[in-house]
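Undergrad: If you want the building blocks of each chain, they are given just below.
Number of protein chains: 2
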Amino acid sequence: MTNDLFNHRTIRKYKPDAVSSAILEQILLAGIRASNTGNMQVYSIIITREKDIKDKLWEIHFKQDMVRQAPLLLTFCADFNRFVKWCIQRKANPGYDNFLSFFTAAIDALLVAQNIAIAAESFGLGICYLGTTTYQADPICKILDLPGGVVPVTSLVIGYPDETPDLTERLPLKAVIHHETYHDYSPTDIDELYAEKDQSVLTHELITINQKETLAQIFTDIRYSKHDNVLFSKSFLEVIKNQGFMNND
Amino acid sequence: MTNDLFNHRTIRKYKPDAVSSAILEQILLAGIRASNTGNMQVYSIIITREKDIKDKLWEIHFKQDMVRQAPLLLTFCADFNRFVKWCIQRKANPGYDNFLSFFTAAIDALLVAQNIAIAAESFGLGICYLGTTTYQADPICKILDLPGGVVPVTSLVIGYPDETPDLTERLPLKAVIHHETYHDYSPTDIDELYAEKDQSVLTHELITINQKETLAQIFTDIRYSKHDNVLFSKSFLEVIKNQGFMNND
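First to last, the protein sequences are chains A and B.
Taking our numbering, I'd label the letters of the first sequence as residues 62 to 310.
Taking our numbering, I'd label the letters of the second sequence as residues 62 to 310.
Hints should not be assumed to be uniformly reliable.
If chains are identical, the list can't say which one is meant, so a pair holds when it fits in one copy or spans any two.
Once the Cα atoms are required to be at most 16 Å apart in a straight line, the calculated EDC-like pairs of lysine to aspartate or glutamate come out as [claimed, not checked]: (1) K258 / E274; (2) K295 / E241; (3) K112 / D250; (4) K124 / D113; (5) K203 / E241; (6) K273 / D252; (7) K112 / E241.
I should point out that these hints are in silico values taken from the structure, not numbers from a laboratory.
Take these sequences, add in the hints, and give me the full structure.
TA: Now the structure itself:
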C-alpha cells in the first residue's frame, strides 16, 4: 500500500532550501506517467523559480506567503497549442478549439498535477494547491506568456516543509460514495454526515473568530462567496474563450 | 520514491475476480485524502458493481468490453448538491450555481480519482480512465440518477489485470515543461519533440491499418474529430447548465 497517500498534509510554511534538479526531474518524470487522453499529453507545466516572476505570481495568488517562501511553483495548463502545431505540420486538420477539448486537456493537466504532488511528497517535500489559479487565469496568462490554446487550471507550491500540521479531518467515507445510483441526502443524513465537522474544536474557533453563527456561513459569506464566484466564473470563461476554446459550432 | 507511479499501465483486459470490500474501502479512503478545495469535498463517487447498471453504462461508454469485464466501475462527479444542502440547513446562503464552482468541484473529483487510481495499482489492481464520461454526461446523469448540482467528469474501470502491456511511450520531458515563461514551439522544435512518436513501429502500424498519411491524421480524422468534439462540447455544456452550474450573473 502506498502509505504516502494517507500521510498527505497541505503545507503552508516552507524552508528556503532549494529542490535539487535531480529530484525535480524525478518528480516531473513521475508526473508524466499519469494516464492522459489518447496519449496526446495535452498539458504543459510552467516551472517558476526566479524571484521576479514569483513575486508577480505571489501578488495575483492573493499574496499568500508560501508562494514566495517555497523554492518551486508549478503552474499546470491545459495545452492544445503544441498538439495543434504538430497536427498542422503533419497535414492534419485539428478541431480542438472547443469546450470539450479544453476540458479534456484540463483533465490531463490535473492528473499530472496529482501525480507530481504524490511524487514530491515521497521525497519528503511538502505541497499546496493554489485554487486561485482559475480565479486569476487572465493575469497568469500574461505573466507566463501563455499563447492561444493554453489555459492555466491549477498550481502547486513545492518545497521542504517548515511545519508539521495534523491530518485534516474528512467527512465519513459514506458521505461521498453512492452504491449503484445516487442516493440523495435527507436533512437527517446531512446532520449525521456533517456532525463531526459542525462540532469540532476548529469549527468553534472559526465561528468565534469570524463572528458567524455557523461554519457554513464562513464558507458562503467569506471564503467562497457568491459575489466572488460569479466574478471569477465570468473571467475564467472569458479566458477559456480568449485562449480559443469556445468555438463550439 | 513511489515506484508505482513509474509502473502505471492502462489495463484494458480484466479477470472476472471481484475486488474485496476491504480493499475497495482502503482505496476509497486513500482517495479522499487528496487535496480538495477548502476541505469542502465537493465530489461524489458512484460505485457500479451490479450487472444491469453496468450494462447500461457499457452501452453509453462506446461498448468498451472492459467496462463489463472489470468488477468495478467508479464514476467521479463534481458535486455541490450535498454541500449546498448543508449550507441551507445551517442558515447560510450558498452561491455555487456557477461555472467556477463547477470547475472547482471537477478539480476536487479529478484529484480524488487519481489518488484512487494510484491506490488501486498499489494493491495489484489495474485501472483505465474512460474519456467517454464527458461525452456521455447526459445519459450518465439519467442512468445514475444524478440530481442538480452533480456532473460526472471521469470514470475508472478497476479490476485484476488479464494482460501485461508494455509501458506506453511519452514525449521527452522537455516537450511539456517550460522554465519561467512559456516558450512557444518552432517547426523544428515540433519535429524534434515528436520524432520518436512519428517514427515508432506502432505509429507505422497504425498508419497502415487506418490508411492515413500521418499519425496526426488518425487523431484529427478518426479518434478525436472536430465533428465529435463540437457535438460533445454542446452536450457537455448543456449538462453543466441543466445541472445548475451556469448562473454566472
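Undergrad: So, for every hint listed, does it hold in this structure?
TA: For each hint, the structure was consulted:
1. K258 / E274: within (14 Å within a copy, 59 Å between copies)
2. K295 / E241: Neither: 35 Å inside a copy, 27 Å across copies.
3. K112 / D250: Intra 49 Å, inter 28 Å, cutoff 16 Å: neither.
4. K124 / D113: Close inside one copy (14 Å), not across copies (52 Å); limit 16 Å.
5. K203 / E241: Answer is between: at 12 Å across copies they meet the 16 Å cutoff, but 45 Å inside does not.
6. K273 / D252: Answer is neither: 19 Å inside a copy and 59 Å across each miss the 16 Å cutoff.
7. K112 / E241: between (51 Å within a copy, 10 Å between copies)
In summary, the structure is inconsistent with hints 2, 3 and 6 from the numbered list given earlier, while agreeing with the others.
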